[in-house]
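Participant: Top line first, the protein sequences correspond to chains A and B. If you read the first sequence in the numbering used here, its first letter stands for residue 35, the second for the next number, and so on. If you read the second sequence in the numbering used here, its first letter stands for residue 721, the second for the next number, and so on.
Among the hints, a few may not be true.
[Said to hold, decoys possible] In silico contact screen, one side only, chain B against chain A (beta carbon under 10 Å); selected entries:
#1 V745
#2 L746
#3 P904
#4 A908
#5 N912
These are computed hints drawn from the structure, not numbers from a lab. Source: prediction; values computed, not measured. Backbone N, C-alpha and C fix where the C-beta goes; we use that ideal spot for every residue, glycine too.
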Amino acid sequence: MSGRALLEVEGLRITATRPHEVDLVRDLSFAVAAGEMLAVVGESGAGKSVTARAVLGLLPAGLRVSGHVRFDGRELVGGTGAAHRALWGRRMAFVPQDALSVLSPVHTVGDQLALAVRSVRGVGRKAALEQAVAALDRVGIPDAARRARAYPHEFSGGMRQRAVIAMATVNDPDLVVADEPTTALDPTVQARILDMLAAFREQAGMAVVLVTHDLAVAAAHADRVLVMYAGRHVESGPVHRVLRAPRAPYTAGLIASLPARHAVSRYLPAMSGAPATAGALPPGCAFAPRCPAATDSCTRHEPEPVEWHDGHWASCHRIAELPRRTADLFERTGT
Amino acid sequence: MTAPLLEVRDLVVRYPARARRTPPVLAVDRISFTVAAGETVALVGESGSGKSSTAAAVLMLRKPEGGSVRFDGRELTTVDERGLRALRRGVQPVFQDPHGSLSPRKAVFDAVAEPLRVQGRWDPTTGPARVAELLDLVRLDRSVARRLPHELSGGQCQRVGIARALASEPKLLVLDEPVSALDPSVRAGVINLFTELQDELGLAQLFICHDLALVRHVAHRVAVLHRGRVVESGPARQVCDAPTHDHTRELLSSVPAFDHLTER
Ligand SMILES: Nc1ncnc2c1ncn2[C@@H]1O[C@H](COP(=O)(O)OP(=O)(O)OP(=O)(O)O)[C@@H](O)[C@H]1O
Ligand SMILES: Nc1ncnc2c1ncn2[C@@H]1O[C@H](COP(=O)(O)OP(=O)(O)O)[C@@H](O)[C@H]1O
Ligand code: SF4
Ligand SMILES: [Mg+2]
Ligand SMILES: [Mg+2]
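Isolated chain B, as found in the complex (with noise of 0.2 Å):
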C-alpha cells in the first residue's frame, strides 16, 4: 500500500492557561487519523471536542505539543520555515464564515489573484485567464470578478473562498464546517461542488462537521472525537448505519431523523 497523503499520529494540541487558576485546556489528546489521496475523511463531535484544534495543527496554524503530522511525506512538526512555507501550497483551508474570511474592500477577482501574486506565481498575460478558470471550477459566473464581498451572497462568497484555495492547486482541502453558515437551499449546491472537485482533481479532503447525515453522504470515512480523543472511526456509512460507541448514537440522534417523513 502506499503511504497516506496525511498521515496524524498521537497528536496533542493544548492551550496554555488564559488566567491563574484556570489549568490549560488539552484540546486534542492523542488523536491518529490518515488521509489517502482523493479521499474525503471527516472529523464530527460536539462543540468543543477538538475538530477545529486538529485542523489548526493539519493546516500548521498552530504547532502541535506532540505527535506527528506526515503530509507528502514530510514530517511537518519539525520542518523548517522555508520548507513550511512550499507545504503549506498544498493543504487549503475553508471556513465557516463566508463573508468573515473574504477582505472587504477587495474584489472578487483580486481575492482570487492573491494567493498566486503573494506565491510569486503571477503572469500578467496569462494571470486573469487563471482567474477566470478558477472562477469556472467553482461554477461562479465570470462577471462576479468585479464585484466586492458585500455584493455577493453567502454561497458566491463561500465559492470565492473555494476558488482562493484551488488557485494554490492543493492536494488536500480542509474544510471546517463549509456550509453551516449557508442558507439552507443553497448548502446542496455547495457540497457538490467539494464531491465534483474530488472527482475532477482527486482532491483529498478533511471535512469538519456536525451533521452525520451529511457526513454519510460526503464522506468515505469518518472519525469520531469527544474530548480530544477519537471515540470511533471506520467507514462513513458503516458508522453512520451502525454506530458502535453511545457519544456516536448521541450525535446521529440529534439529527432528526427526516427519511421517515418523505417518500425516499
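The shape of chain A in the complex, shown without the other chains (with noise of 0.2 Å):
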C-alpha cells in the first residue's frame, strides 16, 4: 500500500449477541487507499453486509463491535458514534441494494438532494436545489431538471438507484459504501449503472466498496479485491492478480464454475456441497468440507493470510503445494 490507507480495518470482528454469542465477521483486515475502488466478494452470510456496515457505523442493535477501523487515521470502533455521524454525508456515504430504503417517498428527488446539499454546505434552497438538479444529470439521469420534481416512484428500479447515488455523492465525498448496489436490477441496466459509478469516481476521484457477489464485476470495475468467505479474509490483492491467478482454492473454484466463454464442453466445473453459515462452521479451515485439496490437517487449524507476492495474499495452509494452475482442482472430466 503506498502512503497512508484512507480507510484501514484491522481485525475486525463482528458478533450477534442474540440469542446466543455467534462470531459473523472474525479477524478481517483490509485497507482501502485514496481514490481506488475495492471490490468485496463472497456468497449469501460470507459477512460482506455486516461488514459495510460496520465501516460505516450502521450496525443494527444487537451487533457488537471490535477490532479497528480507522477512516483518515481517526479511530471509528468505540465511542459514542459521534466520529461517524461527523463523517456521513460529508466523508463517507452509503448506496444500499434497496434504493427505496433511503429515498423517501413523500418528497421529490430533487428536494431530498437539495435537503442533503444544504445539511452539509450552507447555501441557499436555490443553490442546493441547482446543485441536485447538477448531481442528477452527473448520474446520467435525462432531462434532470424536469425529473428532480418527480417522487422516487415515478422512477423505473434504475434510475432510482442513480438517484441514491447521486445522493451518496453530492457532496463530494472521499468514500463510498455500495453494497450490492445492483443486484436488484436487469443486467444491462446494471452494466450501465456499475459503468457510471466506475466513470464517476475516476471525475471524482473518490474511493469505492463495492459489495458483490458476482467475481465479473469485481473484474470489470475494481482495482482490488478482497474475497470472503463465512465471515473471513479469503485471498486479497490487485484484482488481475487474483482472479488471473488465484491461490485460494475457493477464489480458483468460483472462478472455474462461471461459464468460459469460448468452452467446448457442456459441463461447468462446479464445487461440492453449499456455503458454511455463520454459527454452524466446520472445525478449521470453513473450506474443507468443500476443498478437493484438504488435508487432516485442513479440519484442525483455521489458516490466516499468507502473502503470496506483492500486495496478493491468501488464506490457506497449502498455498504453497498447489498446482500452479489452481482451477486444476475443480477441473471436470466428462462430456
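Two chains, two separate frames, one set of hints: put the complex together.
Facilitator: Here it is in C-alpha cells:
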C-alpha cells in the first residue's frame, strides 16, 4: 500500500449477541487507498453487508464490533458514534441495495437531494436545488431539471438507483460504500450503472468499496478485490492477480465454475456442497468440507492470510503446494 | 424430419389494462420457435421482454390471445380441460425462487410424493422407493427426505423442485431463471444437473436466462427476445460468438467478460 490508507480495517470482529454469541466476521483486515475501488466478493452470508455497515457505523442493535476501523487515521470503533456521524454524507456515504430504503416516498427526488446539500453546506434553497439537478445530470438521468420534480415511485428501478448514487455523491465524499447496488436490477441496466459509477469515481477521485457476489463485476471495475468466506478473509490483492492466478482454492473454484466464453464442454467445473454459515462452521478451515485440496491438518487449524506475492494475500495452509493453475483442482472430466 | 416436441407459432400474450387510462400490455407479440425432443432451447432478453409470459403460455398457465402452441402433436390452445390435464404432465416447470416454490410445512418426502398422489399414481408399496429414486436422480442424499424446506440450502431446495418436476415424467422442462437466485458456488452444480438429466433421460428444455455466457454453454439453440418479439435466433454458439442484432450485442456486453482475465 502506497502512503497511508484512507480506510484501514484491522482485526475486525462482528458478533451477534442474541440469542447466543455468534461471530459473523472474524480477524478481518483490509485497507482502501484514496481514489481506489475495492470489491468485496462473497456469497450470501459471507459477512459482506455487516462488514460494510461496520465501516459506516450503521450496524443494527444486537451486533457488537471490536478491532479497528480507521478513517483518515481516526479510530471509529468504540466511543459514542459521534466520530461516524461527523463523517456521514460529508466524507463517507452509503449506497444500499434497496434504493427505496433511503429515498423518502413523500418528497421529490430534487428536494431530497437539495436537503442533503443544505445539511452539509450553508447554501440557499435555490443554489442547493441547482446542485441537486447537476448531481442528477452527472449520474446520467436525462432531462434532470424536470426529473428532479418527480417522486421516487415515478422512477424505474435503474433510475432510482442512480438517484441514490447522486445523493451519496452530491457532497463529494472521499469514500462511498455500495452494498450490491445493482443486484436487484436487470443485467443491462446493471452494467450501465456500474460503468457510470466507475466513470464518476474517476472524475471525482473518490474511493469506493463495492460489495458484490459477482466476480465478473469485480473484474470489470475494481482495482483490488477482497474475497470472503464464512466471515473471514480468503484472498485479496490486485484484481488482475487474484482473478488471473488465484491461490486460494475457494477463489479458484468460483472462477472455474463461471461459464467460459469459448468453452467446448457443456459441463461446468462445479464445487460440491453449499456455503458454510455463521454459527455452524466446520472446524479448521471453513472451506475444508468442499475443498478438493483439503488434508487432515486443514480441519484442525484455521489458515491465516499469507502474502503470496506483492500485495496478493491468500488464507490457505497449502498455498505453496497447490498446482500453479489452481483451477485444475476443479476441472471436471466428462463430455 | 420428425415434428418438433414443442412448436410455438405466432404466439400473442396480452395482459388486460389494470387501471383506466393505462393501455393493455402486449407482452408477447407473435413469437415463433420450436424445441425438439432432447434439445435445450434458450430464451434470452432483458427484463420485461416477454420470456416468462411465453413460458406461462407453454405451461398452459395462461391462455394466449393468439397463435398456436403444439406439444407432442396436440394443439394446446384448443384442447379441453381433460386433455389439458393429461398434457400438463408432460411439461413441467422449475422456477427461480427455490424456497418460495416449496410449501414450508411439507417435508421433502411429501413434496416429491405430491405429484404422484395428485395424479393418482401413488402406490404405498412402491411409492417410497420411487421418491428415493427421484432424490438420487437429482443427486440429493436420501437423508434429506425428512427435512423441511427451511432446513435446506438454496441449491438443495432447487434440487427438490427438480425432483418434483421429474416425478411427472415430463418430456419438456420449462426452466425460468432456475439458478439466478442461487449462490455462485452452487450454480454450476445445478446447471450440470440439467445437462446430466438431459443426457440420461433425453429431456427437452426451454431455458430462460439473462446470462448469454451461460446460454452459450448449455443451450443448443437460442432465441433473443426484445419487446415481445424474437429479434435473433440460431445455434447458441453462433448467436453468442457472432451476434448480428444490436440488441444481442448489448446483452452480451452486459455480461462482463471474464476470459481475458483468466488463463483459460
Ligand atoms: N400479470 C401481468 N399483468 C400485467 N402485465 C404483466 C403481467 N405479467 C407480465 N406483465 C408485463 O408483460 C411484459 C413481459 O413480462 P414478462 O414477465 O414476460 O418478462 P420477462 O422477460 O420474463 O422479464 P424478467 O426478466 O424481468 O423476468 C412486461 O411489460 C410486464 O410488465
Ligand atoms: N442483525 C443481525 N443479527 C444476527 N445475525 C445477523 C445480522 N445480520 C446478519 N447476520 C448474519 O451474519 C452473517 C453475515 O451476514 P451478511 O453480512 O448479511 O452477509 P452477506 O452480505 O455477505 O450476504 C449471516 O450469517 C447472517 O445471517
Ligand atoms: S486450508 Fe486446506 S481446506 Fe482450506 S482452502 Fe486451503 S487446502 Fe483447502
Ligand atoms: Mg448482503
Ligand atoms: Mg421473467
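Participant: Once the shortest beta carbon distance from P904 of chain B to chain A is found, is it less than 10 Å?
Facilitator: holds (6 Å)
Participant: Under the criterion of a CB-CB separation shorter than 10 Å, is V745 of chain B in contact with chain A as hinted?
Facilitator: violated (15 Å)
Participant: Is the hint on L746 of chain B kept, meaning its closest Cβ partner in chain A is under 10 Å away?
Facilitator: At 19 Å from the nearest chain A Cβ, L746 of chain B fails the 10 Å test, so the hint is violated.
Participant: Any CB of chain A closer than 10 Å to the CB of A908 of chain B?
Facilitator: holds (4 Å)
Participant: Measuring from the C-beta of N912 of chain B to each C-beta in chain A, is the shortest one below 10 Å?
Facilitator: holds (5 Å)
Checked against the numbered hints listed earlier, the structure breaks hints 1 and 2; every other hint is satisfied.
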